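For the protein sequence lines, the chains are A and B, in the order given.
Reminder that position 104 of the first sequence reads as 104 in UniProt numbering, one-by-one numbering, no gaps.
Reminder that position 59 of the second sequence reads as 59 in UniProt numbering, one-by-one numbering, no gaps.
The set of hints was computed from the structure by calculation and includes no laboratory data.
Only a predicted model underlies this, so the values are computations on that prediction, with no experimental measurement involved.
Hints are supplied without guarantee of correctness; some may be wrong.
[As the list claims (entries may be wrong)] The calculated lysine-lysine pairs, modelled on DSSO-like cross-linking and capped at a C-alpha distance of 27 Å, are:
(1) K31(A) <-> K76(B)
(2) K31(A) <-> K88(B)
(3) K88(B) <-> K71(B)
(4) K88(B) <-> K76(B)
(5) K31(A) <-> K131(B)
(6) K40(B) <-> K193(A)
(7) K71(B) <-> K157(A)
(8) K135(B) <-> K157(A)
[Said to hold, decoys possible] Here are some chain B residues pointing at chain A (derived, C-beta under 7 Å):
(9) G41
(10) L53
(11) I56
(12) F66
(13) T97
(14) M123
(15) L140
(16) P165
(17) S180
(18) H184
(19) A233
(20) Y289
(21) V310
C-beta atoms are modelled at their ideal positions from N, C-alpha and C, and glycine is treated no differently.
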Amino acid sequence: MTTLTDKIRPRRDSGAPEPKPLKLPKVHTRKTTGDWVILFIAIIIGLFIAIPFVMIVINSFKSPADYNSSGPLALPSNLYFDGIINFWTRVNFPEKLWNSVVISSVVAVAAVLLSMFNAYAIGIGRIRGRTWIVVLILLANMVPQEALLYPLYFMFKQVGLYDNIWAVIIIFTVIQSAFGTYLLSSVYGTFPKELLEAASLDGASRWQILWRVVYPISRSTLAVLLIFFFIWTWNEFLIPLTFLVSNANQTVPVAISVLQGDRLMDVTTTSASALLGLLPTLVFFLIFQRTLTRGITAGAVK
Amino acid sequence: MTAPLATETTESHPPRPGKPAGKRVRRAPVQSLIPGAGGKGFWLYLVPGLLLLTIIVLVPLGWNFFLTFTKYRGIKPPVWIGLDNWTKLFGDDVFWTSFGNSIAMIVAMVVVPTLLGLVLAAMLFDLVGKKFGGKIASFLRATYYLPQILPTVIAAIVIGWILRPEKGALNQVLGAIGLSGLEHNWLGSPDTAMACIMVIMIWVQLGYPIVIFMAALQRVDPELYEAAELDGANWFQRFRAITVGIIRPEIFVVTLTCTIAALKVFGPIYALTRGGPGTSTMVPSYYSYSEFFQNQQVGYGATIATALTVVVAIVAIIFITFQTRLERQDEER
Numbered sequence: 001m002t003t004l005t006d007k008i009r010p011r012r013d014s015g016a017p018e019p020k021p022l023k024l025p026k027v028h029t030r031k032t033t034g035d036w037v038i039l040f041i042a043i044i045i046g047l048f049i050a051i052p053f054v055m056i057v058i059n060s061f062k063s064p065a066d067y068n069s070s071g072p073l074a075l076p077s078n079l080y081f082d083g084i085i086n087f088w089t090r091v092n093f094p095e096k097l098w099n100s101v102v103i104s105s106v107v108a109v110a111a112v113l114l115s116m117f118n119a120y121a122i123g124i125g126r127i128r129g130r131t132w133i134v135v136l137i138l139l140a141n142m143v144p145q146e147a148l149l150y151p152l153y154f155m156f157k158q159v160g161l162y163d164n165i166w167a168v169i170i171i172f173t174v175i176q177s178a179f180g181t182y183l184l185s186s187v188y189g190t191f192p193k194e195l196l197e198a199a200s201l202d203g204a205s206r207w208q209i210l211w212r213v214v215y216p217i218s219r220s221t222l223a224v225l226l227i228f229f230f231i232w233t234w235n236e237f238l239i240p241l242t243f244l245v246s247n248a249n250q251t252v253p254v255a256i257s258v259l260q261g262d263r264l265m266d267v268t269t270t271s272a273s274a275l276l277g278l279l280p281t282l283v284f285f286l287i288f289q290r291t292l293t294r295g296i297t298a299g300a301v302k
Numbered sequence: 001m002t003a004p005l006a007t008e009t010t011e012s013h014p015p016r017p018g019k020p021a022g023k024r025v026r027r028a029p030v031q032s033l034i035p036g037a038g039g040k041g042f043w044l045y046l047v048p049g050l051l052l053l054t055i056i057v058l059v060p061l062g063w064n065f066f067l068t069f070t071k072y073r074g075i076k077p078p079v080w081i082g083l084d085n086w087t088k089l090f091g092d093d094v095f096w097t098s099f100g101n102s103i104a105m106i107v108a109m110v111v112v113p114t115l116l117g118l119v120l121a122a123m124l125f126d127l128v129g130k131k132f133g134g135k136i137a138s139f140l141r142a143t144y145y146l147p148q149i150l151p152t153v154i155a156a157i158v159i160g161w162i163l164r165p166e167k168g169a170l171n172q173v174l175g176a177i178g179l180s181g182l183e184h185n186w187l188g189s190p191d192t193a194m195a196c197i198m199v200i201m202i203w204v205q206l207g208y209p210i211v212i213f214m215a216a217l218q219r220v221d222p223e224l225y226e227a228a229e230l231d232g233a234n235w236f237q238r239f240r241a242i243t244v245g246i247i248r249p250e251i252f253v254v255t256l257t258c259t260i261a262a263l264k265v266f267g268p269i270y271a272l273t274r275g276g277p278g279t280s281t282m283v284p285s286y287y288s289y290s291e292f293f294q295n296q297q298v299g300y301g302a303t304i305a306t307a308l309t310v311v312v313a314i315v316a317i318i319f320i321t322f323q324t325r326l327e328r329q330d331e332e333r
């Protein structure tokens with residue numbers, strides 16, 4: 001887009017010819033003071049947003065004595081890894097990490113599938129009364145979670161799934177797919193009709209059209225949903241806390257909060273727990289950042 | 001974004017590529033997009049979704065609704081007491097306070113992030129991205145998004161340090177720059193607790209609209225901007241006339257999802273203040289939780305939760321109707 005505007009617009013500032021880079025210029029060279037001010041403001045806002053993250057990193061590598069003498073803002077006087085090691089072994093971090101990864105991945109995949117089926121019927125199938133079906137499905141998103149705890153507790157206890165990660169997986173698959181259905185139905189509602197007609201003329205069944213036409217074309221939107229669902233499920237707290245009571249089933253956020261109540265915890269171990277709790281989603285987000293923005297666009301254009 | 005929600009229209013337009021979702025009007029009776037495939041076969045695809053929805057959401061909702069007419073403490077079977085819980089609810093000051101605080105939450109989680117997010121997204125996309133390069137713009141976008149990937153529990157730990165009265169980072173900074181008079185027990189005093197929560201929620205929410213709006217902005221045709229610029233429109237005029245108009249579907253999605261989230265906000269309150277001090281940061285969701293699990297007044301907790309669900313549902317339906325109507329007006333133009 002920037003290259004396009006460069007080509008169209010004649011340069012207005014015809015001062016001394018600037019040295020031209022060999023490649024197409026990607027960046028406007030004309031920068032006014034106002035542009036710099038805006039960049040400055042944008043960076044300042046970014047810094048403010050990042051402060052808490054910087055604090056997590058700084059304090060994770062301090063010794064408790066160092067923290068007590070210099071406070072939360074100073075840089076560590078020397079690197080100290082005991083906080084991280086302490087937290088790692090105390091909560092058996094790999095086990096919690098594995099629980100979180102399993103729950104979040106299964107929910108992400110299952111909720112995307114469920115959203116796709118729902119949206120196929122609503123957006124492309126255009127079944128009767130779909131407005132109200134969307135509202136009904138969105139209820140899963142509207143109900144405050146604490147209202148679900150008692151009934152679901154009894155139901156899962158009855159079928160022997162209480163204190164089992166599958167209970168949490170099933171619950172979040174339903175909750176996340178509500179948002180997915182809402183978003184995807186509207187994307188499918190404007191699906192290119194010619195493609196569907198062509199496939200139908202070729203004698204493809206509904207099932208085949210879904211997997212050979214609709215799925216490949218909407219894959220980028222589905223990827224966005226997958227990423228959202230993974231991160232959202234990872235960060236969920238109340239339902240995992242209630243349904244996964246035994247230590248071996250806990251997720252990362254639950255383990256951290258349980259440890260928070262422990263009086264023996266020093267501040268730097270707490271900070272280390274925050275760092276370790278944050279890293280997995282951060283890495284996940286950084287890997288998929290580009291998919292995220294590309295996918296939203298592609299989905300919206302269609 | 002809500003094509004499936006526009007049902008009662010009668011005209012038929014050819015699909016317009018490049019237009020956001022939800023812009024097509026269909027002929028009634030409604031037909032599927034696949035010729036010859038009737039609506040009936042598609043019901044099969046809804047079976048797993050609706051079945052799971054019934055078990056996980058609808059049955060518990062119905063159960064809760066039943067409990068609102070009972071006295072139930074979690075152990076002995078519920079006792080029918082008619083409308084007692086509901087009359088208690090309407091006269092309950094804490095309940096009304098909590099709904100009042102919901103308005104503060106809507107300001108902090110919907111109004112400010114959406115408006116600020118619009119401006120920041122346009123700024124990053126339009127000025128920073130074009131003049132300083134896409135790398136800087138996407139780096140800043142990722143930074144703004146960071147709080148969204150932070151689990152609430154962990155955010156609460158860090159914010160606890162920053163705001164704690166003794167040796168808290170904020171008070172230390174204030175002391176260091178000679179403003180020790182402003183030092184305060186930020187989350188522990190009724191006069192500042194709510195304001196702090198609001199600032200924290202703005203911090204948490206801001207990244208969500210920015211990421212979605214920036215993606216939507218890529219749909220804006222640069223030539224439109226060129227033309228407007230030649231016509232002498234300044235940045236703000238272009239922003240209002242072009243940007244806001246084109247990414248309106250995304251603005252709706254962001255506002256609706258954030259409003260729902262603001263009305264049922266729970267995690268940050270639970271982790272930071274537990275509704276206190278007093279009831280200064282009490283929200284409906286946390287109030288219902290405390291009745292459910294601390295006071296063991298399950299019947300009353302269910303009443304609060306049901307009332308909250310009804311409010312959220314009404315807001316969502318008003319929203320969706322309004323959006324559908326706006327889209328239809330666009331069609332008629």
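Need the list of violated hint numbers for this structure, in ascending order. 1, 2, 8, 12, 13, 16, 17, 18, 19 and 21
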